[in-house]
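Trainee: Sequence:
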Amino acid sequence: PLKRYDNKRFINSELSILTYSHDGFVILPVSESIENHVTSDISITAIKVGSMMRRRITLGSEESLTTLFWNGGASFAATVGSSNTSMEEFYVFGNRNIIREGEFEGPVQFNLSLLAGAGISLNKFMFELRAEFGRGSSRLANSSLQRISLIGALRVGR
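First residue of the sequence shown: 166, per my numbering; consecutive thereafter.
To be clear, the hints were calculated from the coordinates, so they are not data collected in a lab.
Just so you know, even glycine gets a beta-carbon here, dropped at the ideal spot from N, CA and C.
Be a bit skeptical, because a hint or two may be false.
The calculated lysine to aspartate or glutamate pairs, modelled on EDC-like cross-linking and capped at a C-alpha distance of 20 Å, are [unchecked claim]:
hint, residue 1, residue 2
1, Lys213, Glu179
2, Lys213, Glu297
3, Lys289, Glu179
4, Lys173, Glu254
5, Lys213, Glu293
Label pairs and their computed distance ranges (CB to CB) [claimed, not checked]:
hint, residue 1, residue 2, range
6, Glu266, Ser186, 15 to 21 Å
7, Ser309, Arg220, 24 to 30 Å
8, Ser186, Arg320, 28 to 34 Å
9, Arg265, Val321, 50 to 56 Å
10, Phe175, Ala296, 15 to 21 Å
11, Lys289, Thr210, 45 to 51 Å
12, Thr231, Gln274, 39 to 45 Å
13, Val321, Thr231, 14 to 20 Å
14, His187, Phe290, 30 to 36 Å
15, Arg265, Asp188, 17 to 23 Å
16, Ala243, Asn288, 18 to 24 Å
17, Ile264, Phe298, 35 to 41 Å
18, Phe298, Ala318, 18 to 24 Å
19, Ala296, Ser186, 43 to 49 Å
Take these sequences, add in the hints, and give me the full structure.
Mentor: Below is the structure:
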């Protein structure tokens, strides 16, 4: 193994533009003769910056450089655009009576989450399994973010 790569610590930073979109429809029975139909459409666009401390261990020779790594850090997302609509239709004995249109409470403008991951780098190819935990993009009380991602990358250059 190449000792110059062993137990090195690196700062790994990322910049991402993310778009989330969700459409929903639910029928809520109010009584035997009244139903409430709710249709919603939510979309959020955010710019996300992540920074992690990475530690790696080298396996193999210089010709076939293979490293195992693990990292942890935080990411910060800022909402740059959003749209959300909601429409409620009340049906009494099958007839539509009242329609209410409006918006949900908007998304949070800033979001902080924690990142942790582990992976392998084979020459110029990298694969990582990463977990992200934080508060979700909604202002609702139970909003949370729990994501597990499999990331693949190709390193360009040296």
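Trainee: What hint numbers does the structure not satisfy?
Mentor: 4, 11, 16 and 19
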